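Visitor: Residue numbers (numbering that gives the first Met the number 0), protein chains in the order written: chain L, 0 to 247; chain Z, 0 to 313.
FYI, nobody ran anything at the bench for these hints, they're computed from the structure.
Given the structure is predicted, the values throughout are model-derived calculations rather than measurements.
From the three backbone atoms N, C-alpha and C, an ideal C-beta is built for every residue, glycine too.
Honestly, I wouldn't trust all of these hints.
As the list claims (entries may be wrong) - Covered stretches of chain L, as calculated for chain Z (at least 3 residues, CB under 8 Å): (1) 9-15; (2) 91-100; (3) 115-126; (4) 132-143.
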Amino acid sequence: MKILVGYKRVVDYNVRIQVKPDGTGVVTDGVKLSANPFDDIALEEALRLREKGVAEEVIVVGIGPADLTAHLRNGLAMGANRAIHVVAAEAVQPLTAARILLKLVEKEQPGLVIVGKQAIDDDANQTGQMLAALWDRPQATFASKVEIADGIAKVTREVDAGLEVIEAELPAVITTDLRLNEPRFIKLPDIMKAKAKPIDTIELATLNVESNNHLQTTHYAAPPKRSKGIMVKDAAELVAALKQKGLL
Amino acid sequence: MSKILVIAEHLNGKLNPSTARAISAALAVKPETIDVLVLADNTDAIAAEAAKINGVSTVLTIARTENAHPLAAVLAPQIAKAAIGYSHVFAPSTTFGKDVAPRVAALLGVAQVSDVMSVESSHTFKRPIYAGNAIITVEADTNHTVVATIRTASWPAATNGAGNAPVQALSLDVALPSHTRFVELQQGKSDRPDLQSAGKVVSGGRGVGSKENFEIIYKFADKIGAAVGASRAAVDAGYVPNELQVGQTGKIIAPELYMAIGISGAIQHLTGIKDAGTIVAINKDAEAPIFEIADIGLVGDLFKLIPELEQALT
Ligand SMILES: Cc1cc2nc3c(=O)[nH]c(=O)nc-3n(C[C@H](O)[C@H](O)[C@H](O)COP(=O)(O)OP(=O)(O)OC[C@H]3O[C@@H](n4cnc5c(N)ncnc54)[C@H](O)[C@@H]3O)c2cc1C
Ligand SMILES: Nc1ncnc2c1ncn2[C@@H]1O[C@H](COP(=O)(O)O)[C@@H](O)[C@H]1O
Numbered sequence: 000m001k002i003l004v005g006y007k008r009v010v011d012y013n014v015r016i017q018v019k020p021d022g023t024g025v026v027t028d029g030v031k032l033s034a035n036p037f038d039d040i041a042l043e044e045a046l047r048l049r050e051k052g053v054a055e056e057v058i059v060v061g062i063g064p065a066d067l068t069a070h071l072r073n074g075l076a077m078g079a080n081r082a083i084h085v086v087a088a089e090a091v092q093p094l095t096a097a098r099i100l101l102k103l104v105e106k107e108q109p110g111l112v113i114v115g116k117q118a119i120d121d122d123a124n125q126t127g128q129m130l131a132a133l134w135d136r137p138q139a140t141f142a143s144k145v146e147i148a149d150g151i152a153k154v155t156r157e158v159d160a161g162l163e164v165i166e167a168e169l170p171a172v173i174t175t176d177l178r179l180n181e182p183r184f185i186k187l188p189d190i191m192k193a194k195a196k197p198i199d200t201i202e203l204a205t206l207n208v209e210s211n212n213h214l215q216t217t218h219y220a221a222p223p224k225r226s227k228g229i230m231v232k233d234a235a236e237l238v239a240a241l242k243q244k245g246l247l
Numbered sequence: 000m001s002k003i004l005v006i007a008e009h010l011n012g013k014l015n016p017s018t019a020r021a022i023s024a025a026l027a028v029k030p031e032t033i034d035v036l037v038l039a040d041n042t043d044a045i046a047a048e049a050a051k052i053n054g055v056s057t058v059l060t061i062a063r064t065e066n067a068h069p070l071a072a073v074l075a076p077q078i079a080k081a082a083i084g085y086s087h088v089f090a091p092s093t094t095f096g097k098d099v100a101p102r103v104a105a106l107l108g109v110a111q112v113s114d115v116m117s118v119e120s121s122h123t124f125k126r127p128i129y130a131g132n133a134i135i136t137v138e139a140d141t142n143h144t145v146v147a148t149i150r151t152a153s154w155p156a157a158t159n160g161a162g163n164a165p166v167q168a169l170s171l172d173v174a175l176p177s178h179t180r181f182v183e184l185q186q187g188k189s190d191r192p193d194l195q196s197a198g199k200v201v202s203g204g205r206g207v208g209s210k211e212n213f214e215i216i217y218k219f220a221d222k223i224g225a226a227v228g229a230s231r232a233a234v235d236a237g238y239v240p241n242e243l244q245v246g247q248t249g250k251i252i253a254p255e256l257y258m259a260i261g262i263s264g265a266i267q268h269l270t271g272i273k274d275a276g277t278i279v280a281i282n283k284d285a286e287a288p289i290f291e292i293a294d295i296g297l298v299g300d301l302f303k304l305i306p307e308l309e310q311a312l313t
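The shape of chain Z in the complex, shown without the other chains:
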């Protein structure tokens, strides 16, 4: 029987929704137990949140000052030690999970399955390669721990509710390195919905033309209660900060509604929105590749169409 350890992702004392998505993937393995591991300086609030998620057996905590910031070199030896006795270690495939999980896998001397999009059986998974242009089935050796990152866009968040898992502090004897130090996190402050978990996303591309013009996108997104995203071209040109990038090397998202405005639809961008419910494209070029995959397309100038959309909404 499988025993799964899920590594919790959190920021500013709050559990990141990606954790509940990784728990969904763990549930799909039909394991005997799913334990969640919280590493932080102060674990109480995060552990309490994790304990409520349905399907969680025990929440394990390691509260150390060294764990105040998620440095892979510091977290990985603790996770590798905590992983003893588990058949699987899962982490969300976010920048946090992508950073730490391979370090854990190497310490355990095992391979890693990246970006699990479906669980076929306890040791068989599907994952995308070539920017999602091929899906492979991988079989992991049953004699070794499976370390995997979970492609969050493929999994709904495990429900929150009836769960009341016990919280248990782990004390591990692990020497931690001091060769890597946190300096700062420059976080975009925003009251808008979070790009990774929002139900609606409005994204702008190079077609928006400037940082000033991007206000049009923000304003429209606010009007319909959407998060804001962008293409790489828009980020590179400095219209918006990097954390808004959607795509192969940005965020992989699965909102119910995705609106691509002034975005041509390069494969690297489309990789990030393959699982979106409804894709709307607004582009002045009727030949733009985005129209090949859009559920609803509208050809025209965004500077004319967005005000008209706002008008039509009221």
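Bound-form chain L, shown alone:
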């Protein structure tokens, strides 16, 4: 079985995001970019399934500009067998990303697609679910545990009420939550090895994906700031302050 992994490059989660003063976007020039943390988890899970013998091949997919190659090399260094780079100059919205992934699914026929539950730039939390819908296959979102046997994925999902367990017949789409695993670190020799691994480059235009411009972002703003409050010196003063506000 093949596993396809969504591997998006985003602004690193440690970067303090600045909104451009003219409201046209956020500052990304010179800012550190990294793999979406949920996608590292997706890749780690795929690699573990390969190590267990459940899968033979792990393919990382990145949709993005021409310079995405270095990022995909990281995925290969982590252990993916090969990469697919869908070259798109502009950022794609989740529905378009899902349609692109569907084209790749049709071509590669994976038994499993693992993507992050959300990309930490757009925080959309949509692509995996949309792919599952278009593919007409099961989805198991917010996974914190995955067991695969006899063509069925038993997935524990982190939901608001607690932990939900579902069974999904393969092929299926899984989206990762943070506690699914801890991604491995890339070792230097692996970076060397990754140089020899193949990256398939596909121009977005050649995939004949229906474009979708239903949403236009017209303005970016910084969130309203919470102003710095007061410091109290002891427990009694804190209780008094809260009582005064009518909170206790």
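With chain L fixed as given, assemble chain Z with the ligands onto it according to the hints.
Guide: Then chain Z with the ligands, alone, in the frame of chain L:
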């Protein structure tokens, strides 16, 4: 004119308060109608609750055994069919809504607006990106159905009272898949107030140190009638179950009082409490970032301060 279909969230035969919050957002669109769709095996009690909410025009029900558990693959084709004729489909941005709404949007071939925090006009919304570090204004195409999830912390629950909407059973001819099956829900049993709707929340972080020590947090929360929350570090370390996590990847909440105890204040945690009324921070490190946003800060050891707080309360 807009016609809005709101997808009801429920558990164990009870309507989840997130539904009334999604209805608030629907009201902000000033639509002609707001219908609520209840999908369950037995819809009666849930529909009766939804019918009481002010602003609801009609409660639509689809009672099928397949709808006993909220499996997105099973619910989405029914919702997509029911959505025909509506200009908007809203669901709460809870794990339920986040799971099912994009599947509906894809079946309808439309984009989704996630985490709507304000409605500017019928097709213009504000939503957070980058863990709430930027707020964007998005315009949806007026020629397509708008599918959106509603950031519950940004909206008060629509009031419950005078409403007496008619309840109408829908019978749709939709084939449902059997490729996805519910196995079980391991639900934390608790008599404490619900984290997502509580007026007061006491949260503990890594500073609490252990599962045993977390009893101090529970005890203090009980004393002031608060729900209990936690940072991701506390959940990862196994001090508390996952459903207590507050933040970007946990619950986004807006209590009147939020007390962060032994929590440093990482941006991913702060995302979850931006809309809280009053934030109190207790931390032994005077430099902890949580103090930059706290309304009231107290520097000190939590193991010393919590007993003192309890003392001061009596
Ligand atoms: C993609 C992503 C998503 C994330 N999502 C979330 C999320 O949803 N929610 C979340 O919370 N985090 C999230 N995180 C993690 C986040 O970055 C922080 O690691 C986490 O919030 C830290 O938790 P903490 O404050 O409890 O621990 P720490 O940062 O370790 O802070 C512990 C604090 O306790 C204080 N302390 C220690 N002992 C005492 C004592 N005796 N008395 C008083 N104070 C004491 C210390 O001074 C310190 O400030 C996410 C991270 C990533 C990368
Ligand atoms: N441009 C992209 N390239 C690769 N994977 C993507 C891309 N966009 C979305 N994904 C995948 O879909 C997941 C959810 O993204 P989103 O729906 O945008 O929050 C991500 O964690 C990725 O795994």
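Visitor: The structure should be examined with respect to each hint, and the outcome stated for every one.
Guide: Hint-by-hint comparison with the structure:
{"no.": "1", "hint": "9-15", "result": "holds (count 3)"}
{"no.": "2", "hint": "91-100", "result": "holds (count 4)"}
{"no.": "3", "hint": "115-126", "result": "holds (count 10)"}
{"no.": "4", "hint": "132-143", "result": "holds (count 10)"}
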